[in-house]
Amino acid sequence: MKTCIQELRKKNKLSQEELALAVGVSRQTITSLECEKYTASLVLAYKISKYFNLKIEEVFDFSEVNEF
Amino acid sequence: MENYKKVTTKKLTLMTAFTAFAAAFIALTGAFVYMGAGINEDVSAMIPGFQLGSFIGFQITMLMYIAKYRKALKTEDELKKLYIEEHDERTTLIKDKICSVGFLFSLVTITTATIITGFFNQIIFFTLFGVLLFMLLVIVFLVVYYRNKF
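Just so you know, the protein sequences line up as chains A and B, in that order.
Residue numbers for the first sequence, in my numbering: 108 to 175.
Residue numbers for the second sequence, in my numbering: 13 to 162.
Extracted from the complex, chain A is given alone in its bound form (with noise of 0.2 Å):
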């Protein structure tokens, strides 16, 4: 899944370390949803967009999502 965390960590100068150490995850994981690798469950996504203090939509890119 696309995500623009990558450009927010940059905007607020943060590494990939102290973010994955303010959501309770480690690096790695950080660099997998950077990469697109890994899809962060709601509740990593819900921390995330937190931190950020912006919604999930305008973090997480839901618009290859299937609708059934």
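For the record, the hints were derived by calculation from the structure and aren't laboratory data.
Think about it this way: if two alpha-carbon atoms lie no more than 25 Å apart in a straight line, the pair counts; the simulated SDA-like pairs of lysine to any residue are:
hint, chain 1, residue 1, chain 2, residue 2
1, B, 92, A, 134
2, B, 80, A, 134
3, B, 93, A, 159
4, B, 92, A, 122
5, A, 154, B, 107
6, B, 92, A, 141
7, B, 93, A, 142
8, B, 93, A, 122
9, A, 117, B, 96
10, B, 109, A, 150
11, A, 144, B, 110
12, B, 83, A, 127
13, B, 107, A, 153
14, A, 154, B, 15
15, A, 144, B, 101
16, A, 120, B, 89
17, B, 83, A, 135
18, B, 109, A, 110
19, B, 17, A, 131
20, B, 18, A, 150
21, B, 93, A, 124
22, A, 117, B, 93
23, B, 107, A, 143
24, A, 154, B, 97
25, A, 144, B, 107
26, A, 144, B, 114
27, B, 93, A, 129
28, A, 144, B, 102
29, A, 109, B, 109
30, B, 83, A, 128
31, B, 80, A, 127
Pair ranges (Cβ atoms, derived):
hint, chain 1, residue 1, chain 2, residue 2, range
32, A, 118, B, 125, 53 to 61 Å
33, A, 118, B, 144, 55 to 63 Å
34, B, 13, A, 161, 25 to 33 Å
35, B, 109, A, 173, 16 to 24 Å
36, B, 35, A, 131, 32 to 40 Å
37, A, 144, B, 142, 35 to 43 Å
38, A, 118, B, 160, 45 to 53 Å
39, A, 160, B, 93, 21 to 29 Å
40, A, 114, B, 90, 27 to 35 Å
Note that the structure is a prediction, hence the values are computed from the model and not measured.
C-beta: ideal position from N, C-alpha, C; glycine also.
Place chain B on chain A using the hints.
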């Protein structure tokens, strides 16, 4: 984090108890050497060696975890790092995938081996068949357990 600290302290106590038990077991392995001897001359030394090696392996692992947990319990930052390491959702997903794919792969391999050995050796066939039945029982139990849990 306070709750996690309590859980970690409990884990540490259990690990210390297990390590003491393993040490006592290793000290008593002389009996296993005697029990293993005479069953089959070719493998009589291998069986107690495996038992002793397993317990030494467990003990080394436990000692490593004890050191890690003790270090984590000293400061709040270290405890948080340990919490993240143990609860990271990506790591959990990787572990789940490894377990499920690994179990399925083992099941397919053992099934194939059971069929093939059926043509050559009865003892190996029944041993593998027993392992296969056990694995299938574990799957059935886990399916029932997790369907009720979630």
